[in-house]
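*Asks:* Here's the letter readout for the chains.
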Amino acid sequence: MLKIDRFIKKRAHKIGLPPGTPVYVGEKREEKVRISVVDYDEEFFEEKEVSRLEDCFGLKDTPTVSWINVDGVHDVQIINSLSSNFDLHPLVVEDIVHLNQRPKMEDFGDYIYIVFNMLIYDEDAKEIKGEQVSLILAGHFVISFQERPGDIFDVIRERLRNGKGRIRKMKADYLAYSLIDAVVDQYFVILEKIGERVEELEDSLIQSAQPATMHDIHRLKREMLFLRKSVWPLRESISGLEKLESTLIKKTTQKYLRDVYDHTIQVIDTVETFRDMLSGLHDTYLTSISNRMNEIMKVLTIFASIFIPLTFIAGIYGMNFSYMPELGWRWSYFGVWGLFVAVTVLMLLYFKKKKWL
Amino acid sequence: MLKIDRFIKKRAHKIGLPPGTPVYVGEKREEKVRISVVDYDEEFFEEKEVSRLEDCFGLKDTPTVSWINVDGVHDVQIINSLSSNFDLHPLVVEDIVHLNQRPKMEDFGDYIYIVFNMLIYDEDAKEIKGEQVSLILAGHFVISFQERPGDIFDVIRERLRNGKGRIRKMKADYLAYSLIDAVVDQYFVILEKIGERVEELEDSLIQSAQPATMHDIHRLKREMLFLRKSVWPLRESISGLEKLESTLIKKTTQKYLRDVYDHTIQVIDTVETFRDMLSGLHDTYLTSISNRMNEIMKVLTIFASIFIPLTFIAGIYGMNFSYMPELGWRWSYFGVWGLFVAVTVLMLLYFKKKKWL
Amino acid sequence: MLKIDRFIKKRAHKIGLPPGTPVYVGEKREEKVRISVVDYDEEFFEEKEVSRLEDCFGLKDTPTVSWINVDGVHDVQIINSLSSNFDLHPLVVEDIVHLNQRPKMEDFGDYIYIVFNMLIYDEDAKEIKGEQVSLILAGHFVISFQERPGDIFDVIRERLRNGKGRIRKMKADYLAYSLIDAVVDQYFVILEKIGERVEELEDSLIQSAQPATMHDIHRLKREMLFLRKSVWPLRESISGLEKLESTLIKKTTQKYLRDVYDHTIQVIDTVETFRDMLSGLHDTYLTSISNRMNEIMKVLTIFASIFIPLTFIAGIYGMNFSYMPELGWRWSYFGVWGLFVAVTVLMLLYFKKKKWL
Amino acid sequence: MLKIDRFIKKRAHKIGLPPGTPVYVGEKREEKVRISVVDYDEEFFEEKEVSRLEDCFGLKDTPTVSWINVDGVHDVQIINSLSSNFDLHPLVVEDIVHLNQRPKMEDFGDYIYIVFNMLIYDEDAKEIKGEQVSLILAGHFVISFQERPGDIFDVIRERLRNGKGRIRKMKADYLAYSLIDAVVDQYFVILEKIGERVEELEDSLIQSAQPATMHDIHRLKREMLFLRKSVWPLRESISGLEKLESTLIKKTTQKYLRDVYDHTIQVIDTVETFRDMLSGLHDTYLTSISNRMNEIMKVLTIFASIFIPLTFIAGIYGMNFSYMPELGWRWSYFGVWGLFVAVTVLMLLYFKKKKWL
Amino acid sequence: MLKIDRFIKKRAHKIGLPPGTPVYVGEKREEKVRISVVDYDEEFFEEKEVSRLEDCFGLKDTPTVSWINVDGVHDVQIINSLSSNFDLHPLVVEDIVHLNQRPKMEDFGDYIYIVFNMLIYDEDAKEIKGEQVSLILAGHFVISFQERPGDIFDVIRERLRNGKGRIRKMKADYLAYSLIDAVVDQYFVILEKIGERVEELEDSLIQSAQPATMHDIHRLKREMLFLRKSVWPLRESISGLEKLESTLIKKTTQKYLRDVYDHTIQVIDTVETFRDMLSGLHDTYLTSISNRMNEIMKVLTIFASIFIPLTFIAGIYGMNFSYMPELGWRWSYFGVWGLFVAVTVLMLLYFKKKKWL
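As they're listed, the protein sequences go chains A, B, C, D and E. Per our numbering, numbering of the first sequence is gapless, rising by one per residue and ending at 428. Per our numbering, numbering of the second sequence is gapless, rising by one per residue and ending at 428. Per our numbering, numbering of the third sequence is gapless, rising by one per residue and ending at 428. Per our numbering, numbering of the fourth sequence is gapless, rising by one per residue and ending at 428. Per our numbering, numbering of the fifth sequence is gapless, rising by one per residue and ending at 428.
Hints are computed from structural coordinates only; laboratory data are not their basis. Check each hint, because a few of them may be wrong.
Chain copies aren't distinguished; within one or between two, either way the pair holds.
As the list claims (entries may be wrong) - No farther apart than 25 Å at their CA atoms in a straight line, the calculated lysine-lysine pairs in the BS3-like style are these: (1) Lys322 with Lys200; (2) Lys264 with Lys424; (3) Lys99 with Lys264; (4) Lys242 with Lys119; (5) Lys292 with Lys426; (6) Lys300 with Lys264.
One chain only, chain A, in its complex shape:
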């Protein structure tokens, strides 16, 4: 099935609402929104689940780096009250709860808003699944919004906990970078999976061109469309972030942003290569159909061209004319058999010469 919903940002039922009105647009969800907080600097580290929203309001002004992670954006009220406490622009809040955004980055002076897609390859559905992630990067805190609880950010949490690498020594901008990097890394996992599928398709094409193969080629092409739709604008956003003249992004972090930018380019490169390959497979498929048609027609033509004349000859001597001199001759019947053999041999030689045999 097509699942075209993945490709469209729905706005229909928001028509008439003033811009900046936060309305949740996405799959219906029931579970409670989960908010977790990590607060750290080089020496200090604290991690907790927040039950009362107000508990994390104080983090706005602390000098430590605070990472507020929100799992679930379907409860507009919570998002709204959190956002207003952190002084977010109404358009930002609207975007956070409106899923299927095009990835973008916007600088609001005091903070930067980044939205992009976390992608996962669903092995069963043989399909890429997307989830919208919003990041707010301010001087001393990062707020991240996910559609549902997931484990992609766990590696960052782990790294913060045991203080591995330079993450605890760096500021909020490095944390934001780490989150983006973790998401982009998943893109490579997807590409490896898709790459395997392309390889399988190629192999199955060499053996025989089944309509199912064509269907799979077509499907992978569409997955590439979906991936492309996520990566291209993300690349632009990261490039924008790297070049941003903002005190929010430190010089040392720019090198790292450059690195993740390079990764997005590699993803794009590979997506385009896969598209080219899939087009190649498509061509191969069509050619193999044509070849097979040729072969079928050859078989038909050879059979028909040999036996139709023979049948005609047999038909001649099945006629009931009273005066047909050959009928009475002694060796006529064997002569006709000779004719049958001669015609057949001639036809076979003819097809041999035409290289059909």
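Chain A is already provided as a structure; the job is to place chains B, C, D and E on it using the hints.
*Replies:* Quick look at chains B, C, D and E alone, frame taken from chain A:
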């Protein structure tokens, strides 16, 4: 039918007229031009229908924000007298009454002229219908021109009436933005409709490739052409508006223009994705025709290749030679039946080996 | 026929001549070159045919605006002497008399040289015909060169005569703009004509795909190539003209140049849309051929698959074996008829199941 | 045959040599390198063949313009000693003797190095032949290197001799321009030739689609690839030359460079148009093959569908059942003939209705 | 087989590691990492294998140019300790040991990091093999990392040894250039090889279109994808290097970088030309299949259309009606033979007229 008129701006019967001569070019219309006015600021709000054109001339200089909405541009005289009162450039007036303009934005210093298309998906004709909207944005007023009365702007009127959102607190530029935003929102509605159609086509293709399906693919492709023709230049115009160094556009409004600009990019993205998908469906259709042809030919070849030799054998023993020894043998007839079965089995094995069965 | 000459600028027989040597390259012409002059300002107006070339030499320095229109560039001597009097660069003179130029605009300080194509749709040949127009725009005069007398500029002449619009109040730059505008307006006429042809093709394709239709699609595609070749560089030239920092172009005229620039963009847009549509028609044509082939093969296969087995059965009982027990049975013949009917019904059911019927 | 060598710059056997090592890479040649010198200013003119290389070393510092033309670059020693006398950079010398360079222009301060291809259409091989030309433009001299003696530059020599045009009054930069111009003029000659071939192909396609036609289309496409490979970079180089801020290029010459730049754009335009046309011819060819296939299948289907049922009917009454009442009837035979006619007429009507006849 | 691994940078098993963690990603290797050092200036030259890593740490500060070449990057510990001694950024170290990087160039102030692919055409596998090369260019040293020992850099080593060319007189930047140049030279070797393969394919296509040919076309297309993926970003990197405002790149070296930049453009040009040619071959292949199908169908149609009517006629006179007057006539049999001949001749004439014979 093609309805190619939607795609062409007609100029033929204007040839020879000096530039800036306003001539109505569009479908013939008879109804009276309707002018309505909304006048407001944060505290004040007035809404009225204008019967005498002169009644709205005074609005030019009032400090409140005035929105003059004109439904119908086919009465050139009214448009002309309104325009000259508000000091519009002759080329602007010419463009307002000349339908099928390419969307554009032009800065005339005292005012900005924006023209674009309001689009609606006509469910019956399965077709996008366009209507030209012109906006004049000046310091204290906005004039909007529509081809015919419609309800897309009603939501703005409603918001102005009950003072919801920030619209009453803002100036004329925010009103102009709101009007553009209302129109762009409709584009998403169209995309959702088209998306459903694409999904239906995909489903019907999987079941069976009918020529009608092909026809529908072809039609949707054309609707995409039409949509694209409206959105691309609109995107440019909004971008121009956002970056315009003009006192007419306040800084706070720029953020909102950026937002609607992002929306146009999403529309373009989706249009391009749909185009890619429709191309994919086209390919699938062609492949399924080829596959079916292959199958037809296979049936023919199998039938012909089995029965033509058999018929030949039967033909042999239908010959009337006086000396055909087999004819007199006791078991010949059953032997021939054995031959029939043997040939058939051999042929079936042969086709099995070729994987045609 | 292809008429490829329209697409090539011929230089072969100019090889070896120094650059700036004016040589007429184009269709052979015999008629006399006709020079007409219009001299005007807001109050004054004079119009005359010039018999002696020298009569218009004085116009170079008069403060009134002078429009010298030259019909025919095949008499190199006349062009040459006119040009040298008005101090034109040798390369300009060479370009004026060398037809099939690519449209361009060049600023020579004292004057601006613009060359472009006047296009007309020849209804009989169903072909666009081009004619090269060169304009010299200087401070007080405009010289226009056409290949042959034509009536496209008559509307300008008429407007000058009766002083309608602002043309008499404006300077030479506005006159040059008016001439370009008159030519671009013709492009829209052509587009409407082509649009009708595309619509006709679409209609005739829906009814039946004739090879002639394909031929027409192919032809219109080529006309689009020709149109594109004229409009793209013209658009650049007008854009260059609009942005030129030259005292020859007044600020008020720039708005008008912007307008005609918008027109060229609309022409390009429509040309590209038509190209997309023609590609769509091409695809439709190919698909309908494939569909028809499928249908033909289906008919063949159904006929052959039903009657070949039947013929075989009939053949069996046409054999002349002396011992064929069925032959003597009382109801055999009718039994065979039953077999005929049964086989036919089974085959029809089979084809029905395959959805071929 | 493909002649792919034209498309590749060979470097294989130069691997390991330091950059700047001049090695002749190209077809083997035996003839002596010919050096001719033209020395001139407005009054003075001298032309001579140089037998001892040293004779032209003095020309470096004379105030007259000196044109040293070298026919043949296969004698590396001569090129080397000439180059070192005129202080050319080792990389330049390497490029001069290494054929199949991509056209380029490089400014070395004291002199400018330009390399491009002289093209000639070989009527017999129906192929474009290329020859590399290198130019060194310095203050008072121009050195030109050709692969073999040719006559394209003769027209320049002739013009210098009799002082026609402004060439003798101008400096070395104008001479360099004239040489480039002479080469570009040849491109137009090739385009006219190719244009004729395209026209012929079109005509032969209308008559009948032969595989040979397809082969020719394919070949011309490749020639277009070759031409494009030469013109695109040449256009860039000339553009670079025109915009170069160097005292070596006088202002007056820039106008002329602009002219030859326009010529290269026209060549590119025409090449692209030809490519589009050839693609169109390709499509026409494929369509005509499909059409013909359709026609063949129609003939087969009509014949088979009419005669197979008839043969079946005849087969029925060829059966030898002892009890077949019809056989004995008086008018049966004529009745069967009636059936034959009826079936045939019905089938014909059926095919008529399907518009196959 | 597809070998899609060449096209993907694998990151899957690095997920969760902090950025800048060096992990070897590539084929498993066992051999010892080999480090060789060349130390030189114009007078001095020393070459040695380094067994203890520490032996080359001192080279960092010597005024001579030092080239440290590392064969094998699979021993992360060695790379790590070398890198930390030379103060390389963690991200650089990560990239060095992570194979399948996209070519890039990065300026770190004190040193420049360049990574690109050394390509070799594997004649047996008919495939391009890539190997990642990393260069560190600092003021007085160059460090080069290869995946495995190879001989491409031997020519540079040789040139250093015997002091040929200007390499010993130049600084580290010229050495880095020389290494890049040696790698790019290999690209030309590959292109020549591929060119030969394209030529072979063309030849074999003219003789007969085998499915194997199609397979080869498809494969070469993919090799072109692979080559393109390496060259495009390398071109950018070299261009960046040439334009870099860094004291690490001397002015004199820029000319040489420009030269190798031109080489990459030529590689790209040729790759694109080959792609166009391969597409042309693909088209030729498809057309020749269609042509052959046409021919097959013609043979079938001619045979069937001639013999099916004849068989029908024979069938008529095989009917057993008791009253068939013709049967008794004396010359009927010969008359029927006349009919056979007449029908055959008519059909042949008909096919002749249709130009099928």
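*Asks:* Take the hints in turn and mark each one as holding or not.
*Replies:* Hints, one by one, checked against the model:
no. : hint               : in the structure
1   : Lys322 with Lys200 : neither (34 Å within a copy, 38 Å between copies)
2   : Lys264 with Lys424 : neither (48 Å within a copy, 34 Å between copies)
3   : Lys99 with Lys264  : between (29 Å within a copy, 21 Å between copies)
4   : Lys242 with Lys119 : within (20 Å within a copy, 45 Å between copies)
5   : Lys292 with Lys426 : neither (38 Å within a copy, 28 Å between copies)
6   : Lys300 with Lys264 : both (18 Å within a copy, 20 Å between copies)
When each numbered hint is compared with the structure, violations occur for hints 1, 2 and 5.
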